[in-house]
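So the protein sequences, as listed, match chains A and B. For what it's worth, this note's numbering labels the leading residue of the first sequence as 1, then goes sequentially. For what it's worth, this note's numbering labels the leading residue of the second sequence as 1001, then goes sequentially.
No lab work stands behind these hints: they were computed from the structure. All of these numbers come straight from a predicted model, not from anything done at the bench. From the three backbone atoms N, C-alpha and C, an ideal C-beta is built for every residue, glycine too. Some hints could be false.
[To be verified] Below 25 Å or equal to it, Euclidean Cα-Cα: the simulated DMTMM-like pairs (lysine to aspartate or glutamate) are: (1) Lys-179/A with Asp-169/A; (2) Lys-1121/B with Glu-7/A; (3) Lys-1019/B with Glu-133/A; (4) Lys-1019/B with Asp-402/A; (5) Lys-1017/B with Asp-402/A; (6) Lys-1076/B with Glu-7/A; (7) Lys-239/A with Asp-402/A; (8) Lys-1140/B with Glu-7/A; (9) Lys-1123/B with Glu-313/A; (10) Lys-1140/B with Asp-243/A; (11) Lys-400/A with Glu-1143/B; (12) Lys-400/A with Glu-1061/B; (13) Lys-1138/B with Glu-7/A; (14) Lys-1086/B with Glu-242/A; (15) Lys-1140/B with Asp-15/A; (16) Lys-20/A with Glu-1143/B; (17) Lys-1017/B with Asp-409/A; (18) Lys-1086/B with Asp-402/A; (19) Lys-282/A with Glu-242/A; (20) Lys-1119/B with Asp-402/A; (21) Lys-1140/B with Glu-1122/B; (22) Lys-49/A with Glu-278/A; (23) Lys-1140/B with Asp-359/A; (24) Lys-131/A with Glu-7/A; (25) Lys-1119/B with Asp-169/A; (26) Lys-1076/B with Asp-409/A; (27) Lys-1138/B with Asp-15/A; (28) Lys-1076/B with Glu-242/A; (29) Lys-1121/B with Asp-15/A; (30) Lys-131/A with Asp-243/A; (31) Lys-1076/B with Asp-226/A; (32) Lys-1005/B with Glu-1122/B; (33) Lys-259/A with Glu-96/A.
[Stated by the list, open to error] If we take Cβ atoms under 7 Å as the criterion, some of the chain B residues that face chain A in the derived model are: (34) Phe-1035; (35) His-1051; (36) Asp-1057; (37) Leu-1074; (38) Ala-1080; (39) Asn-1084; (40) Asn-1095.
The chain contents come next:
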Amino acid sequence: MALSLSESLQIGVTDIMMRKVRSLITVFGIILGVMCIMVVLAIINGMNKSTLSWMQERGGTNKVEVQRNWNYDFRQGGEATLTLAEMNQIRGQLPEAEAIGPIVSAWNSTLQYKGFSYSDQVIGVLPDHQKMENWYPDKGRFFNEFELRENANVIVLGSSVARDLFKSDDPLGESVMLKDQMLTVIGVMQEKYWENPGGGAFGGNALEYMNRQSFVPLSTMMNKIDAGSLIRSIQILAKSPEDALSIQKKLRPILLRIKNGRAVFRVSSAQETMQQMEQNSKIFSMIFIMIGLISLLVGGIVIMNIMLASIKERTREIGVRLAVGARRMDIFVQFMVQTVLITGLGGVFGIILGYAILDLVSGYLGMPMLAGVQMILVSLLVSVGVGLIFGIAPAVKASKLDPVIALRDE
Amino acid sequence: MEIIKTQSLIKDYLLGKIKVRALAGIELSILSGEFVAIMGPSGSGKSTLMHIIGCLDSPSEGEYYLDGDLVSTLPKSALAGIRNRKIGFVFQSFNLLPHLNVLKNVELPLMYSGLSARKRKEKASQILDSVGLSDRLKHKPNELSGGQRQRVAIARAIVNDPSMLLADEPTGNLDSQAGGDILEIFNDLHKAGNTVIMVTHDSLVAERADRIIEIRDGLIYNGSLAK
């Protein structure tokens, strides 16, 4: 005897088509709410994705870094530097590390070759540096442990350095001058490239600064080129993000011991940074989702009120339906379906509008924003849910009408 | 066979805090196939009686048998089914749904009895044909004359083959020409074996019936039993 769902849907669609403008205005809050939630989720999703791809390009989430602790008051004594011997001591205590990359930089080092010169960063590193950065020579080779031990006069050039200094000549085997040292070029690094979404100082390539670096053995740097220089930062590559966190924990007391209890170094990990960023983006998204939910709540209340008013207006219709045999359940379902249809439709409009906005905004910011299928499903479910919740009161009111009184209504 | 039988039917209303007795013990019997008119001045209780006979309302006390079944004690959910299957209503103000076309209006009772869309359409157009409106199926009620609207309402009332037709002042909103046509339809339905119960205060209209039941102050004054 009951009215089937498809019949109720048909009645609902007829009712909505009859009152197009009113239905659209009714559902405005839902449209805004769904749109808001969808846009925010997509922006966050896009932000996380681009951060992750940046991190991965920079050696992944397995990295631990040791740097000067800017929060430490250096007037209490101590220096945020390590000698080669101290470095080797640390290296010996971290056998689980995949690679260790202490860095001694010489900024504005001028390399000279046949009257041409090139000034940028020359860095003293271990052979581990390749693994560290997941970055290998394109031509020739990197220096090895033997050359490191022997303070060998060898250099590996960044791709931009080689291009600028040697033009079309083959740099391998040639000698360049750095200060008073003659260095033999044994390799040229691969070109690094990462599309900078916002453009920037190096044009489209956010990693161009790496192509301008050159590498010499750490020992050569510390003993010959820049004698007396000290290590100011170390990077450590772990086997997994979990390992990175445990190495980070282990490293702190080691450094404190070497530095006589002075916290001159800060130990950080990409994993930790990521977690922090995730935390931040979680808070950010919670705020916007709250805004979306509040507008959905307001939208729901508006719909409830309009449906209640429309039931007052349609009392006689309800009376007629009851007189010809509609049960209370039929009336309840009829109004419930109508409310859910309206909010569901609002959800669809919200998703379409959200997409349009995402398209505009991501084009404007040059940032990828990803709206996944599950996001659309969530938006749709939420809007249908709002209809289900706020449709109850009007539907109950309609189904409770007394047929005699409803038929008498003018 | 008695289609309607009531015993000491009483209906009380609360008007504010005052109890008002609308029906004070109605003893009524109507036979299947009868054409009766219920008459009485306003406030006499004839509308209340019609609501109870039509299962739109339940009595406060007393018993009401419809087709031999006791219905006065049934819950409201069960009354909806009885209204759908056994009773066809015709109202003074037609009570058609304005946004539905003629065909859809007539299909309404069939929809609530769970008939398929195809069968509904078939049956509704057949009935509309029999009241002479086969060329108005897609019209909206406001595109029809009063007489035509009442014919749609009659079609809606009889489409589910009810046990009885309950008409409340069916000619009240019509001119005498259209009203006469409507009464003619009731007459034809009666001749075809249908039970017709008509509430009216117009004695000229009431005279068309086999029997006139007069109600005053919530009691049957005259015509309680079938001749």
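Here's how the hints hold up against the structure:
1. Lys-179/A with Asp-169/A: 23 Å, holds
2. Lys-1121/B with Glu-7/A: Given that 25 Å is the threshold and the Cα spacing comes to 14 Å, the pair holds.
3. Lys-1019/B with Glu-133/A: 93 Å, violated
4. Lys-1019/B with Asp-402/A: 19 Å, holds
5. Lys-1017/B with Asp-402/A: Holds, because 20 Å separates the two Cα atoms, which is no more than 25 Å.
6. Lys-1076/B with Glu-7/A: 23 Å, holds
7. Lys-239/A with Asp-402/A: Distance of about 74 Å is beyond 25 Å: violated.
8. Lys-1140/B with Glu-7/A: At roughly 20 Å apart (the allowed maximum being 25 Å), Glu-7/A and Lys-1140/B satisfy the hint.
9. Lys-1123/B with Glu-313/A: 31 Å, violated
10. Lys-1140/B with Asp-243/A: 76 Å, violated
11. Lys-400/A with Glu-1143/B: At roughly 32 Å apart (the allowed maximum being 25 Å), Glu-1143/B and Lys-400/A break the hint.
12. Lys-400/A with Glu-1061/B: 23 Å, holds
13. Lys-1138/B with Glu-7/A: 19 Å, holds
14. Lys-1086/B with Glu-242/A: Measuring from Cα to Cα gives roughly 76 Å; hence the hint is violated.
15. Lys-1140/B with Asp-15/A: 15 Å, holds
16. Lys-20/A with Glu-1143/B: Holds, at about 22 Å.
17. Lys-1017/B with Asp-409/A: 23 Å, holds
18. Lys-1086/B with Asp-402/A: Holds. Lys-1086/B to Asp-402/A sits at ~20 Å (cutoff 25 Å).
19. Lys-282/A with Glu-242/A: 21 Å, holds
20. Lys-1119/B with Asp-402/A: 30 Å, violated
21. Lys-1140/B with Glu-1122/B: 19 Å, holds
22. Lys-49/A with Glu-278/A: Holds, at roughly 11 Å.
23. Lys-1140/B with Asp-359/A: The given pair, whose Cα atoms are some 45 Å apart, is violated under the 25 Å limit.
24. Lys-131/A with Glu-7/A: 67 Å, violated
25. Lys-1119/B with Asp-169/A: 90 Å, violated
26. Lys-1076/B with Asp-409/A: Measuring from Cα to Cα gives roughly 20 Å; hence the hint holds.
27. Lys-1138/B with Asp-15/A: Given pair Lys-1138/B, Asp-15/A holds - Cα atoms ~17 Å apart, limit 25 Å.
28. Lys-1076/B with Glu-242/A: With a Cα-Cα distance of about 67 Å, the restraint between Lys-1076/B and Glu-242/A is violated, given a limit of 25 Å.
29. Lys-1121/B with Asp-15/A: 20 Å, holds
30. Lys-131/A with Asp-243/A: 16 Å, holds
31. Lys-1076/B with Asp-226/A: It is violated: about 99 Å lies between the C-alpha atoms, which goes past 25 Å.
32. Lys-1005/B with Glu-1122/B: 35 Å, violated
33. Lys-259/A with Glu-96/A: Answer holds: Lys-259/A to Glu-96/A is near 22 Å, not above 25 Å.
34. Phe-1035: Because about 21 Å separates Phe-1035/B from the closest Cβ in chain A, which is outside the 7 Å limit, the hint is violated.
35. His-1051: Since chain A brings a Cβ to about 5 Å from His-1051/B, closer than 7 Å, the hint holds.
36. Asp-1057: Nearest chain A Cβ about 5 Å off; hint holds.
37. Leu-1074: With a closest approach of 13 Å, the Leu-1074/B hint is violated.
38. Ala-1080: 4 Å, holds
39. Asn-1084: 2 Å, holds
40. Asn-1095: With a minimum Cβ separation of about 5 Å from chain A (threshold 7 Å), the hint on Asn-1095/B holds.
The structure fails hints 3, 7, 9, 10, 11, 14, 20, 23, 24, 25, 28, 31, 32, 34 and 37 (numbered hints given earlier, in ascending order).
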